[in-house]
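Novice: Residues per chain are reported as follows:
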Amino acid sequence: MKRRTKASAAAGSGQSNLAELPEHSSDSPLSIHAMTVAYDKKPVLWDVDYDAPRNRLIAIVGPNGAGKSTLIKACLGLVSRASGEVEFWGENYREVRSRIGYVPQRESVDWDFPVSAQDVVCMGRYRRIGWCRPVSKRHRQVSLECLERVGMRDYAKRQISQLSGGQQQRVFLARALAQEAELYFMDEPFAGVDAATERAIVEVLRELKSRGKTVIVVHHDLQTVPEYFDDVILLNMRVVASGPVEDVFTRDNLHKTYGGRLTLLSEAAEAVARAASGRK
Amino acid sequence: MLGTLASAGGGVTVGEIVETLLLRTGFNTRMVIAGTTLLGIASGVVGAFAMLRKRSLMTDALSHATLPGIALAFLFAPVFGLASRSLAVLLIGATVTGVLGVLCVQAILRLTRLREDAAIGIVLSVFFGAGVVALSYVQVNAPSGSAGLNAFIFGQAATMQAHDVMLMAVLASGALIASIALFKEFTLVCFNDSFARVDGWPVSAIDLAMMAMVVLVTVAGLQAVGLILVVALLIVPPVAARFWTERLWLLVMLSALFGGASGYLGAAISALLPRMPAGAVIVLTAGVAFGVSMLFAPSRGVVAGALRRLRLRLRIASDHVLEAAHDAGADRIERVTMRELADLHGWSAWFAWVVRRWLIGARMATGTRDGIVLRERGRRRGRQVSRNHALWEQYLVSYADIAPSHVDWSVDLVEHVLSEELIRDLEKKLAQRGEALPSGSGVTA
Numbered sequence: 156m157k158r159r160t161k162a163s164a165a166a167g168s169g170q171s172n173l174a175e176l177p178e179h180s181s182d183s184p185l186s187i188h189a190m191t192v193a194y195d196k197k198p199v200l201w202d203v204d205y206d207a208p209r210n211r212l213i214a215i216v217g218p219n220g221a222g223k224s225t226l227i228k229a230c231l232g233l234v235s236r237a238s239g240e241v242e243f244w245g246e247n248y249r250e251v252r253s254r255i256g257y258v259p260q261r262e263s264v265d266w267d268f269p270v271s272a273q274d275v276v277c278m279g280r281y282r283r284i285g286w287c288r289p290v291s292k293r294h295r296q297v298s299l300e301c302l303e304r305v306g307m308r309d310y311a312k313r314q315i316s317q318l319s320g321g322q323q324q325r326v327f328l329a330r331a332l333a334q335e336a337e338l339y340f341m342d343e344p345f346a347g348v349d350a351a352t353e354r355a356i357v358e359v360l361r362e363l364k365s366r367g368k369t370v371i372v373v374h375h376d377l378q379t380v381p382e383y384f385d386d387v388i389l390l391n392m393r394v395v396a397s398g399p400v401e402d403v404f405t406r407d408n409l410h411k412t413y414g415g416r417l418t419l420l421s422e423a424a425e426a427v428a429r430a431a432s433g434r435k
Numbered sequence: 070m071l072g073t074l075a076s077a078g079g080g081v082t083v084g085e086i087v088e089t090l091l092l093r094t095g096f097n098t099r100m101v102i103a104g105t106t107l108l109g110i111a112s113g114v115v116g117a118f119a120m121l122r123k124r125s126l127m128t129d130a131l132s133h134a135t136l137p138g139i140a141l142a143f144l145f146a147p148v149f150g151l152a153s154r155s156l157a158v159l160l161i162g163a164t165v166t167g168v169l170g171v172l173c174v175q176a177i178l179r180l181t182r183l184r185e186d187a188a189i190g191i192v193l194s195v196f197f198g199a200g201v202v203a204l205s206y207v208q209v210n211a212p213s214g215s216a217g218l219n220a221f222i223f224g225q226a227a228t229m230q231a232h233d234v235m236l237m238a239v240l241a242s243g244a245l246i247a248s249i250a251l252f253k254e255f256t257l258v259c260f261n262d263s264f265a266r267v268d269g270w271p272v273s274a275i276d277l278a279m280m281a282m283v284v285l286v287t288v289a290g291l292q293a294v295g296l297i298l299v300v301a302l303l304i305v306p307p308v309a310a311r312f313w314t315e316r317l318w319l320l321v322m323l324s325a326l327f328g329g330a331s332g333y334l335g336a337a338i339s340a341l342l343p344r345m346p347a348g349a350v351i352v353l354t355a356g357v358a359f360g361v362s363m364l365f366a367p368s369r370g371v372v373a374g375a376l377r378r379l380r381l382r383l384r385i386a387s388d389h390v391l392e393a394a395h396d397a398g399a400d401r402i403e404r405v406t407m408r409e410l411a412d413l414h415g416w417s418a419w420f421a422w423v424v425r426r427w428l429i430g431a432r433m434a435t436g437t438r439d440g441i442v443l444r445e446r447g448r449r450r451g452r453q454v455s456r457n458h459a460l461w462e463q464y465l466v467s468y469a470d471i472a473p474s475h476v477d478w479s480v481d482l483v484e485h486v487l488s489e490e491l492i493r494d495l496e497k498k499l500a501q502r503g504e505a506l507p508s509g510s511g512v513t514a
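Chains as they are written, first to last, in my numbering: chain S, 156 to 435; chain W, 70 to 514.
If you're looking for bench data, these hints aren't it; they were derived computationally from the structure.
Hints may be right or wrong, so weigh each one.
[Stated by the list, open to error] Mimicking DSBU-like on lysine-lysine, the simulated pairs with C-alpha atoms at most 35 Å apart in a straight line are:
(1) S:Lys312 to S:Lys292
(2) S:Lys292 to W:Lys123
(3) W:Lys253 to W:Lys123
(4) S:Lys292 to W:Lys253
(5) S:Lys196 to W:Lys123
(6) S:Lys364 to S:Lys411
(7) S:Lys411 to S:Lys197
(8) W:Lys253 to S:Lys312
(9) S:Lys411 to S:Lys196
(10) S:Lys364 to W:Lys253
(11) W:Lys497 to S:Lys312
(12) S:Lys197 to W:Lys123
(13) S:Lys312 to S:Lys364
(14) S:Lys292 to S:Lys364
(15) W:Lys123 to S:Lys312
Bound conformation, chain S alone (with noise of 0.2 Å):
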């Protein structure tokens, strides 16, 4: 993968990244101000502020119960703020949310639901086709075509309920790409996946990234985030760090993210190793 050499970045701070864009931060596809989210007046989330460089491969990492997927969720108004600003684009979401594709998590639907792969992926395609109109011909030809592009194609007439987690994950994938979206949000994407979906996956996210896209993706594995990602956001109910994986991605970091758990640590020291040989 091809890394930014970009030495004099400051870690824990993402405001690096625009120094590349022009002036405007409109050309960040997503800016976060000062959002705070909590349930039951609880905070999960404190007080985030973020603008996302553009196309980029950004992993969310954080411990559980950091609010990693209730920061995407609360970017596309699927929680509710209690206070803060998000933009995308320089724009409120409503204006621009054609332009923005979605991996939900697996779990959050039932799969015993009576359609296959490839009706999932059409899902995709509905806001292209509107209101009380079937899906065409050409429609179910671009979902084929994202369904080959996860290595789902020879499943395309499985139903769902027969599909393996990883093949489920892959369908989500599909529709996702059939959104043709300029900024992707994936919660949790590798979670509980085979070897050959992790590598479908990974291909994607290399691909959307050659095609100019941005994606945004929460992450678990803290050992892959040098080899899948350019950027990090690490969060512990607030940002910790964000910012390039070479600058931020660091042993202090992570300590300040997960606290004293030590067997993570542990873990964590590897891929920060392999990090830091990384950027030699």
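Starting from the known structure of chain S, fit chain W onto it as the hints suggest.
Specialist: Leaving out everything else, chain W in the frame of chain S:
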């Protein structure tokens, strides 16, 4: 069945039954039967989405909550200068309190920690109780008497007037057409509402539309089917249809078919037997459709499922036998060996007998007096199983961390899990380990 009905009805002849079922009857009866059939079709379609959205039970709260509305509309219609016996007025009253009931359920869910089943139970019974109180008040105090209002509880299809049937038909077809027009949107929201919301669809409005269809069908069916049982038309047909198919279009059409057939038979039979309330007959018909579906549907039915499990068990057991024979290098399996295998795998005596019959029936072996002798087919299978077993062991050693826990080593299942690429990889690994790979037709049977 027709004979028993004839005897139950006393003076009904077979000829009359056939005439009624073929709609060769008086104009009014024909209208009622056609209208109820249409109602059944519409509620089958609407109910399918209610089921997929997991709102089936909500419809029960809705229908019970219509009763106070009917009584109140009857009481207060004269105040607004309306005819208190007009069906339209009564149905408007029913709609108002029905929707109010649904809103109450939602308010309880939002404001308290109660679960949905409790909230529905509370609203359903309280509204129904209020309805009964209002109804008895009407009976005692209304100057014109309340004749007919009780019919809304159990339904009275046979006595419906032509214009009442027309109103029912219009409401039902409205719900039917709207549900088909919004098929795509309903599907999306039922399957994955959070995705729909991010994708820019007004999920609340679509949900509201779905609920409105349920209200339409419920209110339309009040007079013919009655408020206690109309909900069955919304719940039973889609659930029965679910047993038969995994395809949404087919599910919806089957549900419409079951609903329509229930409506048709129910109204026809209750026309023949005036004391038989249509609602009950409709629900019983739908119940029969459900029972048959649950037991005998080919993919999800209970019988088919049991047969599938038995077949799989037999296949695995016979694979065990064949593998044991292959590993022992023997073509003949003595009765004693068979008993040892049965003990090892915990088979009962009759199951061991069935396994033996199965092997012979599948032309894997021929039966002899003191056991079985493998045929070429059985020998080949034994070779394959043994080889796959070795591959599977290797697989467990190398990839156990990603192997789904429910996988049995049976060949079919292993094939399902191992990709072609992985099988080649495993063969290579086995070869490197110096294990003799059994020659043969490879893993794929």
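Novice: Measure nothing beyond the straight line between the CA atoms of lysine 123 of chain W and lysine 312 of chain S; if it is 35 Å or shorter, mark the hint as holding.
Specialist: holds, 25 Å
Novice: Hint check: lysine 292 of chain S vs lysine 123 of chain W, CA-CA at most 35 Å. Holds or violated?
Specialist: holds, 31 Å
Novice: Quickly compare the C-alpha distance for lysine 312 of chain S and lysine 364 of chain S to 35 Å and report which way the hint goes.
Specialist: Between lysine 312 of chain S and lysine 364 of chain S the Cα gap is close to 29 Å, so the pair holds against 35 Å.
Novice: Holds or violated: are the alpha carbons of lysine 253 of chain W and lysine 312 of chain S at most 35 Å from each other?
Specialist: holds, 18 Å
Novice: Holds or violated: are the alpha carbons of lysine 364 of chain S and lysine 253 of chain W at most 35 Å from each other?
Specialist: holds, 31 Å
Novice: Taken at face value, is the distance from the CA of lysine 364 of chain S to the CA of lysine 292 of chain S at most 35 Å?
Specialist: Given pair lysine 292 of chain S, lysine 364 of chain S holds - Cα atoms ~28 Å apart, limit 35 Å.
Novice: Tell me if the straight-line CA distance from lysine 411 of chain S to lysine 197 of chain S falls inside 35 Å.
Specialist: Given pair lysine 411 of chain S, lysine 197 of chain S holds - Cα atoms ~21 Å apart, limit 35 Å.
Novice: When you check the alpha-carbon spacing of lysine 292 of chain S and lysine 253 of chain W, does it fall within 35 Å?
Specialist: Given pair lysine 292 of chain S, lysine 253 of chain W holds - Cα atoms ~15 Å apart, limit 35 Å.
Novice: Please verify whether lysine 497 of chain W and lysine 312 of chain S have alpha carbons no more than 35 Å apart.
Specialist: holds, 33 Å
Novice: For lysine 312 of chain S and lysine 292 of chain S, compute the direct alpha-carbon distance and say whether it is at most 35 Å.
Specialist: Holds, at about 15 Å.
Novice: Within a Cα-Cα threshold of 35 Å, do lysine 196 of chain S and lysine 123 of chain W meet the stated pairing?
Specialist: With a Cα-Cα distance of about 29 Å, the restraint between lysine 196 of chain S and lysine 123 of chain W holds, given a limit of 35 Å.
Novice: With the threshold set at 35 Å, check whether the alpha-carbon distance from lysine 197 of chain S to lysine 123 of chain W stays at or below it.
Specialist: Holds, at roughly 30 Å.
Violated hints: none; the structure is consistent with every hint.
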